[in-house]
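Visitor: All chains, full assembly: derive it from the sequences and hints.
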Amino acid sequence: MFGLTAENWELLFQGLLLTLWLTFASGLLSVALGIIVGIMRSAPIGLLRSIAAGYTELFRNIPLLTVLFFAYIYFGGRAGITLDAITTAIIALGVYTSAYVGEVIRAGLLTVSKGNIEAARSQGMSFMQSMRYVQLPQALRAAIPPLGTLIIALLKNTSLASTITVADLLFRADLVTDRTFNPDVLLIAGAMYVALTLPLGALVSVIERRWAILR
Amino acid sequence: MAVQAQEVRAARPGFDWWPVLRVLLQIVGVGLFLVLIPIAFGMEWRNFERIFTKATSLRFLSLGLIATVAVSLISILLSLPLATGLALGRLSRIRWIKLPCVAFIEVIRALPLLLLIFYINLRFPGLNFLAPVLGEPTTEYFGRAMQIVFGEKGIAVIIALTLYTAAVNAELLRSGILSLDRGQNEAARSLGLSYWQTMRKVILPQAYRRTLAPLIAQFTILVKDTSLGSIIGFIELQRTARIIYENDYNPLEALYVVAILYFIVNYLLGLTSKFIERRRPSVQLKPIETG
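Protein chains in written order, with this note's numbering: chain W, 607 to 821; chain U, 60 to 350.
Bear in mind the hints are in silico, worked out from the structure with no lab data behind them. Be careful, since some hints might not be right.
For each label pair, taking beta carbons as the anchor points, the in silico distance ranges come out as [stated by the list, open to error]:
(1) Gly-88(U) with Glu-616(W): 48 to 54 angstroms
(2) Trp-155(U) with Tyr-739(W): 52 to 58 angstroms
(3) Asp-784(W) with Leu-330(U): 40 to 46 angstroms
(4) Thr-688(W) with Thr-198(U): 38 to 44 angstroms
(5) Glu-108(U) with Trp-627(W): 39 to 45 angstroms
(6) Thr-688(W) with Pro-184(U): 48 to 54 angstroms
(7) Gly-730(W) with Pro-97(U): 42 to 48 angstroms
(8) Pro-97(U) with Asp-784(W): 37 to 43 angstroms
(9) Ile-98(U) with Gly-609(W): 34 to 40 angstroms
Idealized CB from N, CA, C, for every residue including glycine.
Guide: Take a look at the structure:
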């Protein structure tokens, strides 16, 4: 197909699988960290709020590529532990995206009505209890459509992992391009990315519309 | 608690020192942060010293900063008319105008930017068309900067960033146009203005005004995305970090310095966005920032 041998197609599909794994793993990490950041940003303690705000501003204002290179070099011998490129990429992507997830969670927490929080607190719940049983479930629900958008962006961002020798879809496409001297291989990889992101985007907008009516 | 404290402060006469103290505290906080990161990651002072005392390193860094800012500005300026055209095209009732615009916007937005840069760089080798104008490779500062920005790689990055930003901003402008009251369009048309007159004099000025803050937020992302040019060998900030550390073996320190430079540029952009938002609250158009 398209002048590519079966072997080259296999390379591309292996890359696709790794791209999906990177998205899944770093997505999970970013949501876990992002929830912590989001809660810290609305915590009653000023210092926690400042730390979380600093973290968010830092990662929103520096390029992902710089973060990736930094992590690659740091975990490539400078740190106490040495990690392989894939793990490093997952950590860097997850940490970077968590700043954005944190913002989404914070916006979600702001949609919870004040009466809800006051009711929870006057029932004798602590801040964390009210967060866990009352605020966070509602915030997460409000945050799901924007989270979907973030996951799509993350899927596209995983392509940067190819720069630190992670053999993802873009890396494989580049490899096959070098083998076949045909830059249009990149278009095939591009079509694969589009085939992943467009349905995801459609799904997000469906969820958005459904839940907007329900609320 | 916080509300009570504010009331007490407001009731107290005299100079309001609180905002000043807050800014000072913020500066101290940022400074602390800047010092803590190198300590946490075990960076060494002499490696920083090597960057700041070497004339070639400083020259590289400043050239990289110029290239990053120049490419961002050029892409911003080129992307705006393209984005406007795409937004109007997508809103058009004529199918042969609408469909290509929808396809372009959706496909470009769905592609990873790095792939776009790779493809343009590999597929169109004739992008060094400005080489005769730029002349022989020079070491003179301004000439070198021009050669970096308008060289083969620079043009490839500019094209990729322009296409990508235009596609994203077209969606933003479209939502801005759709958020306007229908009456605006109807009134202009019934006054006898043509379609283009209506767009130019009535609709677009309002749409731009409403989307200004999110547009600037998008440009922050554009500045960050120029770093992808380093992968194809475009010498901007990220690349200069690499050039420096491949000479001096101080990768963490060089990347940290570059990260701070990016941070400063983007933070200033973010402040303008906030400032505009405060003076002229935009409608609920703020897209989800995705980096």
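Visitor: Please go over all the hints and tell whether each is borne out by the structure.
Guide: Hint by hint, here is what the structure shows:
no.: 1; hint: Gly-88(U) with Glu-616(W): 48 to 54 angstroms; result: holds (52 angstroms)
no.: 2; hint: Trp-155(U) with Tyr-739(W): 52 to 58 angstroms; result: holds (55 angstroms)
no.: 3; hint: Asp-784(W) with Leu-330(U): 40 to 46 angstroms; result: holds (44 angstroms)
no.: 4; hint: Thr-688(W) with Thr-198(U): 38 to 44 angstroms; result: holds (40 angstroms)
no.: 5; hint: Glu-108(U) with Trp-627(W): 39 to 45 angstroms; result: holds (42 angstroms)
no.: 6; hint: Thr-688(W) with Pro-184(U): 48 to 54 angstroms; result: violated (39 angstroms)
no.: 7; hint: Gly-730(W) with Pro-97(U): 42 to 48 angstroms; result: holds (45 angstroms)
no.: 8; hint: Pro-97(U) with Asp-784(W): 37 to 43 angstroms; result: holds (38 angstroms)
no.: 9; hint: Ile-98(U) with Gly-609(W): 34 to 40 angstroms; result: violated (54 angstroms)
When the structure is compared with the earlier hints, violations turn up for hints 6 and 9 and for no others.
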